[in-house]
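Asker: Sequence:
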Amino acid sequence: MYPILLVYDVAALSESAQGESRSMVQRKRGFPAERTPSVSATAGLGFFLREAYRAFSRDFHARLARHGITHAQWVLLWFLSQAGSLTPLQLSQRAGIKKASTTAVIEALKRRKLIRGDKDRIDRRKLNLKLTPAGLDLMQELIAYAATSNLRARAGFSDKEMDALLRLLRRVTNNLEDGANLQ
Numbered sequence: 016m017y018p019i020l021l022v023y024d025v026a027a028l029s030e031s032a033q034g035e036s037r038s039m040v041q042r043k044r045g046f047p048a049e050r051t052p053s054v055s056a057t058a059g060l061g062f063f064l065r066e067a068y069r070a071f072s073r074d075f076h077a078r079l080a081r082h083g084i085t086h087a088q089w090v091l092l093w094f095l096s097q098a099g100s101l102t103p104l105q106l107s108q109r110a111g112i113k114k115a116s117t118t119a120v121i122e123a124l125k126r127r128k129l130i131r132g133d134k135d136r137i138d139r140r141k142l143n144l145k146l147t148p149a150g151l152d153l154m155q156e157l158i159a160y161a162a163t164s165n166l167r168a169r170a171g172f173s174d175k176e177m178d179a180l181l182r183l184l185r186r187v188t189n190n191l192e193d194g195a196n197l198q
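Using the working numbering, the letters of the sequence shown correspond one by one to residues 16 to 198.
Take these hints with a grain of salt, some might be off.
As the list claims (entries may be wrong) - With a cut-off of at most 27 angstroms between alpha-carbon atoms, the simulated BS3-like pairs for lysine-lysine come out as follows:
#1 114 / 134
#2 128 / 113
#3 125 / 175
#4 113 / 125
Derived by calculation from the structure, the hints in this document are not laboratory data.
Sequences and hints are given; from them, build the entire structure.
Answerer: This is the structure we're talking about:
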């Protein structure tokens with residue numbers, strides 16, 4: 016784990032040092048690096064969520080790397096596998112990625128012949144993106160990798176515990192996205 020200060024004990028800082036960065040306080044007071052005053056901090060929910068995400072991400076991305084697939088490519092392939100066909104704009108909106116960023120990823124997937132773009136039959140200006148047979152085959156493997164990473168993350172949890180954890184995480188998300196909770 017990485018030491019990270021998430022909640023500062025403001026009482027540990029002098030009144031004149033409040034609002035200044037910890038390093039500024041150290042320099043101002045002339046503390047040598049080995050005698051740095053401690054600032055009380057506790058790791059909070061965000062820290063543990065981030066650490067869990069990073070561990071999961073490392074596991075899953077190592078599996079994606081076996082096929083030379085980046086996270087952005089995985090996201091686009093996954094959305095296409097679920098929808099069947101999407102325009103580049105629809106794909107970028109669903110993935111939550113700016114269209115300009117999506118274009119480079121789409122081109123890389125086309126070069127690898129994992130997706131193809133067909134002109135829309137009604138509106139010839141539109142391009143409909145679809146997985147190729149090679150893309151479909153690859154997605155079956157990548158989805159299996161995702162399932163494996165999920166199984167590793169769930170190890171030791173009962174179904175009841177997993178249901179509770181997912182319910183609580185959805186509630187955390189809802190709490191933070193609900194503007195009414197702002198103080």
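Asker: Each hint needs a verdict: does it hold in this structure or not?
Answerer: So, going through the hints one by one against the coordinates:
1. 114 / 134: Between residue 114 and residue 134 the Cα gap is close to 18 angstroms, so the pair holds against 27 angstroms.
2. 128 / 113: holds (23 angstroms)
3. 125 / 175: violated (42 angstroms)
4. 113 / 125: holds (18 angstroms)
Comparing the model with each earlier hint shows a violation of hint 3 alone; every other hint is respected.
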